[in-house]
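Protein chains in written order, with UniProt numbering: chain A, 1 to 109; chain B, 1 to 376.
In short, the hints are calculated from the structure, not lab data.
Among the hints, erroneous ones may be present.
[Said to hold, decoys possible] Over the 12 Å line for every Cβ pair with chain B, so calculated as not near, a few chain A residues: (1) E3; (2) R42; (3) M46; (4) P49; (5) E52; (6) L59; (7) D63; (8) V100; (9) E104.
[As the list claims (entries may be wrong)] Distance ranges between label pairs, derived from CB positions: (10) T12/B <-> V5/A: 49 to 57 Å; (11) S219/B <-> G24/A: 29 to 37 Å; (12) R33/B <-> D102/A: 30 to 38 Å; (13) K319/B <-> E77/A: 25 to 33 Å.
Values in this document were obtained by computation on a predicted structure and should not be read as measured data.
Beta carbons are placed, not taken as given, at the ideal position from N, Cα and C, and that holds for glycine.
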Amino acid sequence: MTEHVVASVDEIPNGNGKAVEVDGLPIAIFNVEGDYYAISNRCVHMGGPLGEGVLHSELPTVDPDRTSVHCPWHYWEFDLETGRSVVNDKTGLRTFDVSVEDGEIVVDL
Amino acid sequence: MSVIDSEQFPLTEEMEEAFVVDVDFHFRAPVDRLMPYMDSAVVKRNLDITGFPPTSCYWFPGYSTPRGAGGLEAHGKLETGEDIVEVMEALGIDMPILTPGYNKLPDSQNVVMKNEIARAYNDYLLEEVLPTDENIKAVGLMQQWEPETAVEEIKRVGDEEDIVGMYGFFGHYDLLGQPKYDQVFEELVARDLPLALHGGGTANWPQKDLIGNSLRTWSEAYGLVHPCRAMMMVGNMIMTGVFDKYPELEVVMIEGGVNWVPFVSERLDEMYNDHPEDIQMTERMHRMGQEYLDKQPSEYLRDNFSFSSQPMNIPDKTKNFEAMLDMTNARDSLMFATDYPHYTVELHNWVLESPAIDDELAERILHKNAESVFRI
Ligand code: FES
Chain A
1 MTEHVVASVD
11 EIPNGNGKAV
21 EVDGLPIAIF
31 NVEGDYYAIS
41 NRCVHMGGPL
51 GEGVLHSELP
61 TVDPDRTSVH
71 CPWHYWEFDL
81 ETGRSVVNDK
91 TGLRTFDVSV
101 EDGEIVVDL
Chain B
1 MSVIDSEQFP
11 LTEEMEEAFV
21 VDVDFHFRAP
31 VDRLMPYMDS
41 AVVKRNLDIT
51 GFPPTSCYWF
61 PGYSTPRGAG
71 GLEAHGKLET
81 GEDIVEVMEA
91 LGIDMPILTP
101 GYNKLPDSQN
111 VVMKNEIARA
121 YNDYLLEEVL
131 PTDENIKAVG
141 LMQQWEPETA
151 VEEIKRVGDE
161 EDIVGMYGFF
171 GHYDLLGQPK
181 YDQVFEELVA
191 RDLPLALHGG
201 GTANWPQKDL
211 IGNSLRTWSE
221 AYGLVHPCRA
231 MMMVGNMIMT
241 GVFDKYPELE
251 VVMIEGGVNW
261 VPFVSERLDE
271 MYNDHPEDIQ
281 MTERMHRMGQ
291 EYLDKQPSEY
301 LRDNFSFSSQ
311 PMNIPDKTKN
321 FEAMLDMTNA
331 RDSLMFATDY
341 PHYTVELHNW
351 VLESPAIDDE
361 LAERILHKNA
371 ESVFRI
């Protein structure tokens with residue numbers, strides 16, 4: 001496992017995401033009420049980017065009550081802890097360990 | 001104001017480099033853009049009061065996709081040619097073929113109003129939208145509800161260079177095997193224009209029959225109804241001899257899915273070989289005095305139809321996807337589509353990334369098939 005600094009905490013406000021690349025892997029980082037999560041940034045459905053964009057309905061992609069994120073393309077919902085689809089645990093996305101060190105967000109890969 | 005959040009659609013270098021024709025890029029100009037092109041004072045007055053267009057629709061995507069708002073404009077609201085250019089850049093699309101975004105238009109029973117809207121939409125395209133960029137093409141909206149008016153419209157706009165086909169619906173109206181549509185096919189064939197058909201109307205399936213009234217979920221109403229209707233349209237046109245009378249007619253099925261093509265090919269061939277004589281009782285074949293179809297049903301499906309890719313429904317296993325592409329005749333018939341700006345949008349990443357698709361097939365899907373079908 002190698003630690004990679006991917007962003008500083010100021011870059012990702014509460015309820016937001018950011019797309020980063022680590023060793024060529026697209027990863028989305030989310031801030032849910034001060035807890036940070038890292039999940040693959042390529043949706044298992046058609047490759048949509050979890051960590052980017054807004055929804056035109058103006059609802060956020062992140063649901064803090066369910067600790068989940070919706071893909072901005074067709075809204076599939078993934079649990080940020082496990083990466084599993086909330087309606088089909090046979091499908092889902094890879095998640096990664098995240099920590100915060102001195103105001104920097106670190107992903108373990 | 002930006003019409004799209006481009007961050008939502010990150011493009012790889014490969015996606016940017018590929019030349020992409022999108023055969024289902026919906027353009028739903030708001031009614032006030034069409035008003036200056038309408039002649040009828042009474043229609044204008046009504047639209048002014050009611051907004052656009054007054055319909056009854058018992059389903060809408062927002063019902064089950066709260067994050068997509070109304071679903072139809074989940075990824076942007078376009079009004080002008082400049083808006084379209086902005087989206088082309090954001091999505092990596094080089095040539096959109098604009099399809100009218102008025103999929104609920106068939107729900108309005110007012111023919112006078114629908115006629116005006118179709119004519120005004122086509123004029124707005126020609127006057128203000130298509131001249132914005134030489135790569136913007138469109139299919140003209142056709143008054144399918146009144147074939148005589150559709151004929152006039154094809155005569156009026158069908159020779160315009162950037163109108164590359166005419167647009168109708170595979171839902172809601174009589175199936176196009178009815179002989180009253182022959183006049184429409186004649187005009188299309190005379191101009192070498194394909195007929196593009198898309199789902200639409202009465203929330204895809206009329207509520208007032210046993211199936212429509214039983215639908216409870218968007219999965220059924222959207223997921224299954226478009227393909228069902230597309231299948232019925234294909235079967236009806238083939239079995240009533242449309243392509244025996246108009247062998248040059250090309251039909252583009254948009255958003256009806258493609259995975260069913262092998263099944264329908266086999267099934268129609270089988271049934272036709274069981275009962276070949278019943279085609280003699282269809283009005284067109286009876287009048288033509290034709291005993292049998294010139295070809296097997298599957299051959300018309302292969303030769304006279306092509307398909308938009310979205311919804312693609314890619315099988316998980318590469319070998320199954322390869323077989324599907326082969327069995328659906330993707331090499332000659334499959335054309336990439338986004339369905340932008342609906343919530344069901346698909347980008348061309350799947351064409352470039354799938355191991356089942358080599359470079360040559362990718363080029364065919366991304367632009368060559370469309371260039372050939374739409375005579376671009
Ligand atoms: S690509 Fe993510 S939901 Fe479709």
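How the hints compare with the structure:
| no. | hint | result |
| --- | --- | --- |
| 1 | E3 | 25 Å, holds |
| 2 | R42 | 9 Å, violated |
| 3 | M46 | 6 Å, violated |
| 4 | P49 | 5 Å, violated |
| 5 | E52 | 5 Å, violated |
| 6 | L59 | 5 Å, violated |
| 7 | D63 | 9 Å, violated |
| 8 | V100 | 24 Å, holds |
| 9 | E104 | 23 Å, holds |
| 10 | T12/B <-> V5/A: 49 to 57 Å | 24 Å, violated |
| 11 | S219/B <-> G24/A: 29 to 37 Å | 36 Å, holds |
| 12 | R33/B <-> D102/A: 30 to 38 Å | 54 Å, violated |
| 13 | K319/B <-> E77/A: 25 to 33 Å | 30 Å, holds |
Figure legend: structure checked against the earlier numbered hints; hints not met, in rising order: 2, 3, 4, 5, 6, 7, 10, 12.
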